[in-house]
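Chemist: So the sequences go chain by chain: A and B.
For this note's numbering, add 985 to where a residue sits in the first sequence, where the first one is 1.
For this note's numbering, add 390 to where a residue sits in the second sequence, where the first one is 1.
It is worth saying that the hints were derived from the structure and are not from the lab.
Mixed in with the good hints there might be a few duds.
[Said to hold, decoys possible] If we take Cβ atoms under 8 angstroms as the criterion, some of the chain A residues that face chain B in the derived model are: (1) D1101; (2) P1146; (3) Y1172; (4) A1176; (5) P1225.
[Said to hold, decoys possible] Computed list of lysine-lysine pairs in DSSO-like fashion (alpha-carbon distance at most 30 angstroms, straight line): (6) B:K1063 - A:K1071; (7) A:K1103 - B:K1063; (8) A:K1159 - A:K1320; (9) A:K1017 - B:K445; (10) A:K1265 - B:K1063; (11) B:K1063 - A:K1104; (12) B:K686 - A:K1273; (13) B:K882 - B:K686; (14) A:K1071 - A:K1122; (15) B:K686 - A:K1280; (16) A:K1044 - B:K885.
Glycine included, every Cβ here is placed at the ideal spot set by N, Cα and C.
Chain by chain, the residues:
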Amino acid sequence: MYKRLLSLAAIIIGLILISFPTLAAGPFYEGKTIRIIVGYSAGGGYDTYARVISRHMGKHIPGNPTIIVENMTGAGSLISANHLYKVAKPDGLTIGHFNGGLFFNQVLGEPGIEFDAKKFRFIGAVVKEEVAFAFTKASGITNIEKWMASKTPVKMGGVAPGAFAPDNVIRIVKAALGLPIQLISGYKGTADIRLACESGELAGTSWGWDSMRATWRKALEIGDVVVVMQGVPKPFPDLPKVPLAINLAKTDEARQLIEVGIHSPSIFARPFVLPPGTPKDREEILSKALQEILKDKEFLAETEKAKLDLNHVTGEELEKAVAGIFKIDSTMLAKLKDILFK
Amino acid sequence: MIEMVNAFVLGLTQIFTGTTFGLMLLGIVIGFIVGILPGLGGPTTLALMLPFIVKMNPVQAFAFLLGMAAVVNTTGDITSILFGVPGEPTTAATIVDGHPMAKKGEAGRALGAALMSSLVGAVFGAFALALAIPIVRPLVLTFGSPEFFMLALLGITFVASLSGEVLLKGLIAGGIGLFLATVGLCPMSSIQRYTFGQTFLWDGIGLVPITIGFFAIPEIVDLAVQGSSIARGRVGILGGVMEGVKDTFRHWWLVIRCSAIGTYTAVIPGMGGATTQWLAYAHAVQSSPDKERFGKGAVEGVLGPGASNNSTLGGSLITTIAFGVPASVTMAILLGAFLIHGVVPGPDMLIPEPRGHLALTFSFVWINVVSNIITVGICFLFLNQLVKVTQIRGSLLIPFILLLIYLGAFAEKNIFEDLILVLIFGGLGWVLQRLNWPRPPLILGLVLGPLAENRLFLSTDNYGYAWLLRPGVLIILSLTLIGAFYPIFQRKWQKRKRDKGQPSVQKAVSPNGTRIPRFSWATIFSLFIIVVFICALWESRSFNVRAGLFPWAIGFPVLAFAIVQLIMDLMGKGDRSGDDHKGEAGSELPTDIVNRRTAGIFGWIIGFFVAIWLFGFSIGGPLCTFIQLKIGYRERWPLTLILAGFSWVFIYGLFDRILHVPFPEGQIFLWLKFSSV
C-alpha cells in the first residue's frame, strides 16, 4: 500500500512539473495566447474586424503571441462587457471588443451594467461607428423630404434597447428631428435586419456606414437601397450630397442631443478594451501594436480586399471621449434617458 | 440556361485541379478528426482555420472549409453510436437509437446505416442547393417574422411525436425545454431571467452541456453498472455494416424525406443541424407503424437524423449564399471567409461568370458531394476496427469517455461552469431515463424556444395582430394542425383495426384490479417538477410583460400537466412502463450490485469533476484516469501507465499545446499563488 501511494505521489509531482507553465525568461507574450472576446456572433462587423486584427497584430507584439477570437454574444454585447470587467483576468491576455454604446448606458444608470467604464483600460479602435440611415427603394423613402413627409411612421429595425446602433441613433433622430419612425427591436443582428428589409417587413435601419457599404454593397450599387441621411459631423467622402442629421436640427437642444448621443459615441463605439488593473506596460505594448498594425502592408492589403474601412482612434482619444460623457449635465441626462429607454 | 449548365460543369472541374483537391482532402482529414472528437466542434475549428485561407483563391478556400464542414456530421455520428457521447452537437439524435444498437451488438449495422444515410443526405442537400438557386431569393423573401414564428411553432409540435408512448410526460419535458430556453437575458428587454446572478447563465443554458449530460452520463452509468463491454451481445462484424447499408435502401423514402426536412428547415435563419436532427428523428418515429421499438435500437432512428444532419449544410448554404444571412454558426464563419475573399453573398452568387459567381456557388455543391463520398468511402475501410471498440471491456473505456464528456462540455464556449451543467443535466437525464421520461422533447423545446419567443414579439411589433391573417401564417398553421392531429387519428384507426382483429387479447393484457395511491420515485420526481415550476413562476412575478409573456405562457400549462402527471403517478397509472424499463436495465444483476455500481460510477463522475476543478484539465484528467484504472478497476501497471500517459498527451498535447484551448488553471494552483504573494 505504501509503495503504491509513493508511486502515485511521484506521478502527481511529475505531471505537475511537466504541465507547469514555462518558467524560462523572455518577453511576456512569448508562447502566450491573447484572446479577443467579441460581444457579437461570428461573421458580423465587430467579429470581422477582430479576426483580421487577430491575424496580423501578433507580429507587432514582442514574443509574437498567438491571437484568437472568441465570440460571446448576447444583450447587445453587454454580456461580454460585464465578463471583461468582472471575470476576465487583468493579465493582458484578454482583450474585449464590444459595443461602446454601453458606456453610455452606465452614465444613464441602466440596469444590467456591472462595470465602471472609467476603470477599463483602452488600447484604441481601428474604426469609428459613423452611421448612415438607409431605406429600401420599395419602402418609398428615397430622400429626406419623403421621409419627413411620410404620413405613417416608418418601420426601422433594431437589436436591443441600449445598443448604440441601430437602437440609440434611431431613437435620438426621432426625438431631435421629429422624424416619423416606428422602431422595431429584437432582431438578432444587422444581417437579420437586412433580410427583413429586403422582404419588406422593415423599411430600413441605421448602422455603421463602413459595415453597411461592405455587406449591402450590391443593393446600394443598383439603387435597391438608398442612403437618406448620415449621422456624422462632416459628410462621408462617398456620400457628399446626403444631408447630415445635425444640419436638420432646428434647436440648440436638438443639436446637442445629436452631438452627445450620436457623434461622440461613434468615436468609442468599437473600442478594444482591457480589464481594469491590467499592467501598464502590457497595455502600452498592445496599444502600440494596434497603432502599428495600421501601417502593416499585409493587414492593409487584407482590409482593402475585404472592403473594411480604417479610421484609427488612439487609446488616449478613446479614454477622453469616454470621460467626456461622464460630464453631461443632469437635465440633458434626464432627457437622454427618457429618449433612449422609454 | 447554357450558361448555367456551363457553370455547373465548371464548378465540378474546378475542384479537381491539383491544389484545390489537395486542400479539400486536407479539410476532410481535419473535419474527420473534429467530428469524431466531442471536444472539438465544427464551428470552432472553422474559425481556427480561417487564417490559412487568406492566401488561397476562393475555390481553394471553400474546398478546404466546406470539405471540413461537410464531413463533421458524418464522423460525429460514429462517436454518438459507439460511445453514446455526441461527437458533434448536431449528432446527438443519432445516440437515441444508434447507441442501443451498439449495445445489442449491432454497431456495424448502425454505423453502416448512419454513413450511408449521411451520404444520401449530403447529396440530397447539395442538389437541393443547386436546384434552389434560381428560385431561392423570391421564396425566402416571402417569409417574414410571422412565418418564422409559425415554423418554430410547427417544429415544437414535433414534441408529440418525440414523446412516443408517454404523451403527457413528453409534453411536460418539451415544456421544461421551452422554459429552460428563457434562462438568460431576455432578448426583448435585456432583463435577467433565472440567472441567479451568474454571468455564465446570461447567455442561456448551452445546448452542448445539456446534450452531453443528458445522453452521455446515463449511458456511462449503464456501462459501469453492466460491468461489461459496450456490446453485450455477439458482434456481427462486416455483415452488419452491409445490413446497415441495405437498411438505407429498405427505408429509402424515409431517408429522402428526412434529408428534405434537414435541407429545407435549415434555410430558416436560426435553425441549424441542432434542430433539424430532432425534427427528422421525430418524423422517423411518427412515420413508423411500430413506435415501441424506438429508443431501443430501431434502425430508422439512425437513418433519419443521419440523413438530415448532413443535408442541413446544403440548406444553410442557401440562405448564406443568397442573402449573406448566416443560418448557423458554421455559416457565419463561412460568411467571414466570403468577405475575406471579397465575395459578397447576394444575388451575384446566382449569376453566371463573369458578372457573378455562379460557378463558385456550384463548386460548393460539388465539394459537398465529393467530400462526403470520400469520407464515407474511408469510413467503410475502417469500420471493422471501429466496431471492435464496442468489445473492449468497459473499465478501460470509462475513464476516456468521462474525459471526452468533460472536454466536450468545456470546449464549446470555454466556460468551466458548463461542467457543472453537465453534472446537473447528467443527473437529470439519468433520472428521466430511469423513470421512463422521454428526453428528446426537452432538447427540441430548448432549441426552438428562443426562435419562437423572438419572432413572436417581432411579429406583433411589426404587424399588430394582423400577422395572424397572413397567408403564409395560415398555410403553416394548417400544416401544423394536420401534423398535430394526424398521428392521433392514425393511432385511433390502427387501434380500431387491431381491436377488430383481436378484441379479447387486449383485455387480457390490460392490468386489472384497483391500485392504492403510492409514493414511488416517479411520484417524487413529478412532485419535484411541480415545486420547481411553482418557484420559477413565483420568481417571474417581477418580470414585465415583454420578459414575462413567454415564461407564463409555458409555465402555467406545464404546471397543470405536471399536476395531472402527479395524480396519475399516485394512482399508479403513469409508471407501468417505467417498471418494465427498470427490470430491463438491470436484468441479470441483483439489486444491491446495481445500487453499489451506480453509486460507484457517480462517485467517479463527480471525482473527475473535482479533480479537473482542483488540478486543471491537463493534470486532473490523466490523474483521474490513472487512479480509476489502478485503484478503481485494478488494471495492471503497464496498461494503466500507458493509458494515463496517452490521456495526458491527448489533453495537454492536442488540446492545450496545439489547439490552444484556454483551459482554466487548477484551483489548487490559484490558492498556492495567493498564499505565496
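Chemist: Please go over all the hints and tell whether each is borne out by the structure.
Modeler: Against the structure, the hints come out as follows:
Because the beta carbon of D1101 (chain A) sits about 16 angstroms from the nearest beta carbon in chain B, more than 8 angstroms, this interface hint is broken. Below 8 angstroms, beta-carbon pairs count as interface contacts, and P1146 (chain A) has one with chain B at about 6 angstroms; its hint therefore holds. Restraint check, Y1172 (chain A) versus chain B: the minimum CB separation of about 7 angstroms is within 8 angstroms; hint holds. Interface restraint check: A1176 (chain A) against chain B, minimum CB-CB distance 5 angstroms, threshold 8 angstroms, status holds.
Violation of the interface hint for P1225 (chain A) is found here, the shortest Cβ-Cβ separation to chain B being roughly 24 angstroms, above the 8 angstroms cut-off. With a C-alpha separation of about 20 angstroms, the suggested pairing of K1063 (chain B) with K1071 (chain A) holds against the 30 angstroms cut-off. Between K1103 (chain A) and K1063 (chain B) the alpha-carbon distance is near 29 angstroms, which keeps this suggested pair within the 30 angstroms criterion. Note on K1159 (chain A) and K1320 (chain A): the hinted pairing holds, with a Cα-Cα distance of about 13 angstroms set against a maximum of 30 angstroms.
Between K1017 (chain A) and K445 (chain B) the alpha-carbon distance is near 25 angstroms, which keeps this suggested pair within the 30 angstroms criterion. The straight-line distance between the Cα atoms of K1265 (chain A) and K1063 (chain B) is roughly 21 angstroms, inside the 30 angstroms bound, and the hint therefore holds. Of the pairs offered as hints, the one joining K1063 (chain B) and K1104 (chain A) holds, with about 25 angstroms between alpha carbons and a cut-off of 30 angstroms not exceeded. Note on K686 (chain B) and K1273 (chain A): the hinted pairing is violated, with a Cα-Cα distance of about 61 angstroms set against a maximum of 30 angstroms.
Straight-line distance between C-alpha atoms of K882 (chain B) and K686 (chain B) comes to about 24 angstroms, which keeps the hinted pair within the 30 angstroms bound. With a C-alpha separation of about 45 angstroms, the suggested pair K1071 (chain A) and K1122 (chain A) falls outside the 30 angstroms cut-off, and the hint is violated. A C-alpha spacing of about 63 angstroms is found between K686 (chain B) and K1280 (chain A), which places the hinted pair above 30 angstroms, so the restraint is violated. The suggested pairing of K1044 (chain A) with K885 (chain B) is violated, with an alpha-carbon distance near 72 angstroms, which exceeds 30 angstroms.
Hints 1, 5, 12, 14, 15 and 16, counting from the list given before, are not met by this structure.
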